[in-house]
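Asker: Sequence:
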Amino acid sequence: MALTAGSFPSSWQDLRVRLLPKKGDLSTFKNWRPISLINCDAKIYTRIINQRMGYVMDTIINRYQTGFLGDRFIAENGMILNILMEQVHVQRRPEIGLLLDQEKAYDRVHLMYLRQVMLAFGFPPSLVHSLENLFFGNAVRININGHFTNKVDQRRGLRQGDPLSPLLFNIALEPFLRHILQDSSFQGFQFQSVSNSATTTSNIVPSPLKVLAYADDVCVLLQSTDDYCRLRHHLDRYGSVSNSKVNIHKTEAFSLDGHSYPEWIAFLATQGISNWHDHSAPSPLRYLGFPLIQSFHQYRYLEQQLLQTVKSQCIIYSQRRLSIKRRITIVNALILSKLWYVLRIVHLPTTFFQRHNLQIRWIRQVLEDNHPQSCSQPTLLDHIRRFHSGNTGTRLALFFPLLRLRPAAHANNFMQNIYEAVDSFGYADTQQAKCTPATLLRLPLSDIFAMIPTDYWITRSRHKKLKVSQFFTYDHHFGCIRLLLSSDQPSSPRLVSKLSRDIHNRIIKLNQLIWPHILNQNEPLGEVDDSTFIDAFCSQPQWNSYKPKPFRLSLIQLSLPSSLLSQIPTSKWSLFWKMPVSPESRSLWYRLFHLHTSLSLKMMYAQSSGLSAVSFC
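Just so you know, we're using the working numbering here: the sequence shown kicks off at 680 and counts up by one.
In short, the hints are calculated from the structure, not lab data.
All clues stand as given, with none of them false.
Now the in silico label distances, taken between C-beta atoms and shown as ranges:
no.	residue 1	residue 2	range
1	K830	Y734	30 to 40 Å
2	C993	Q861	49 to 59 Å
3	N822	T707	10 to 20 Å
4	I1187	G733	57 to 67 Å
5	M1130	L1162	11 to 21 Å
6	I994	S1250	34 to 44 Å
7	R1139	R965	34 to 44 Å
8	K830	P1262	40 to 50 Å
9	S805	Q983	52 to 62 Å
10	D1214	Q983	38 to 48 Å
11	E942	Q983	27 to 37 Å
12	R857	Y734	12 to 22 Å
Result set (BS3-like, lysine-lysine): computed pairs, CA atoms no more than 27 Å apart in a straight line:
no.	residue 1	residue 2
13	K1177	K1146
14	K1017	K1228
15	K1113	K1188
16	K701	K783
17	K1188	K1146
18	K1257	K1004
19	K1226	K1004
20	K1143	K1113
21	K1226	K1017
22	K1188	K1143
23	K722	K830
24	K1004	K1017
25	K709	K783
26	K1004	K1228
27	K929	K783
28	K990	K702
29	K1004	K990
30	K783	K722
31	K1143	K1177
32	K990	K1017
33	K1251	K1004
34	K924	K783
35	K1144	K1177
Cβ coordinates follow ideal geometry from the N, Cα and C atoms, glycine included.
All chains, please: the whole structure from these sequences, using the hints.
Answerer: And the structure:
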């Protein structure tokens, strides 16, 4: 009856609402968030509908909406924005982003609008009728200071606290996002081609990026004031049919390259937008909790803020008499979780072993092609191919550090997180990979030698960026790699002559990466390709058998002194945590195992050590 006829028990539509405070003036009703306390049977029903609708949502919702959908992730939005900011920082382009603030987004969804949108997307009329009766025919009582108000009939809005509400809101917002994505007059962020690209693959520029969304948190990218006019047009049309409203005075604008643009600031002020953010701001702007760092002093501010947050939380919880097990739970759930969230995007100089684990998702997106619903994979792949691989149009920067973009190019060098995670797998045996001659010529010069003396001229900083193609060439007559001759007119003839003499005098030796291309003739030049290095990386046991906890423990064992590591095997620790002992006893034994007993216990032990009969423990 619930699904076919839209008939429910009265208890399913008798709601209790609890108001939770938001930021701002709490004397204003808009700064309170209504959370619905719903009948458990009704939540089971909507959870079932939510699970079944999830199978088709990927075909309905565009991939730039990452909220509450399978195989989509909130950090993808933060990753994309950081990539755009790094590219624009290099290219110096006056483009901006807008973080739209929607007023009571869930509470303003209109019944008739949602019904028409769901029918247009092909949902069965019986399902639409059932959800219409369940979500818009409720009697609401509001809990105010422990007292319930009289019943209020709900005529609009999605109840926050219901498992199905996020999906319904995504459906309601989808027409607005599609209008922006399909508007040919809306330019958005235009990816620009990189000159001197090595292959045709690197010349393939991704389609323009116009909007990112996580539920009602929408970020719109603008190239010019014309884009803003188009955005207002779509907002007005969407608001007139859906009852939505955008708080223009709360909308935040930010410069993608971090510079201040008086023309943009003046124009936005005429439109009622006064919240402008660039490199001069003392603290970074946050989008979905991820900081958008535009300067080094914002980077330092974030470091200090994170450290102060951890310190203050530790002080608060250290005042409670908690067992070791409870302390571990609090540290993981309430303290370190804030760090792990930010470290998916932000690179911090301090060594965090968990940080490498957090990058595995991005590494898989770079190495694998089976993420069709990911909005960040195309942008991340393009960024590495065109900006971080020595202009080769490949993913070679993952395996050859000298091809990576200079770390100081942007305040938040988030790509360093990914590279450090790749390096932590210990993949350094690039010599065994069989690449094409074209690929070899694009590699750093230092990577084709078996061993380089520490004081050799190639190791100097000004020579580290030298490429193989500046000293070797492909001989089309013999079909092999050879050293450049004076007739080839090399760009650095003296260095080429010096390297040639050193190779003949055995001062420096070539490795197995280049020798086959010198000895074997009639080999085609081929194209610049990274597949052999990726296959070699993915076939190593460390990657195939990757599991988060063992991987993190292996890094700890390599980095920490043996004196700080427990010699007790994991199986014994598992038994220790399962033993039926009191929390106080477990905490005491834990400290004893790690030689970190309390001062009072040490004093007692010292005073009692001279007695003939002491019952210790």
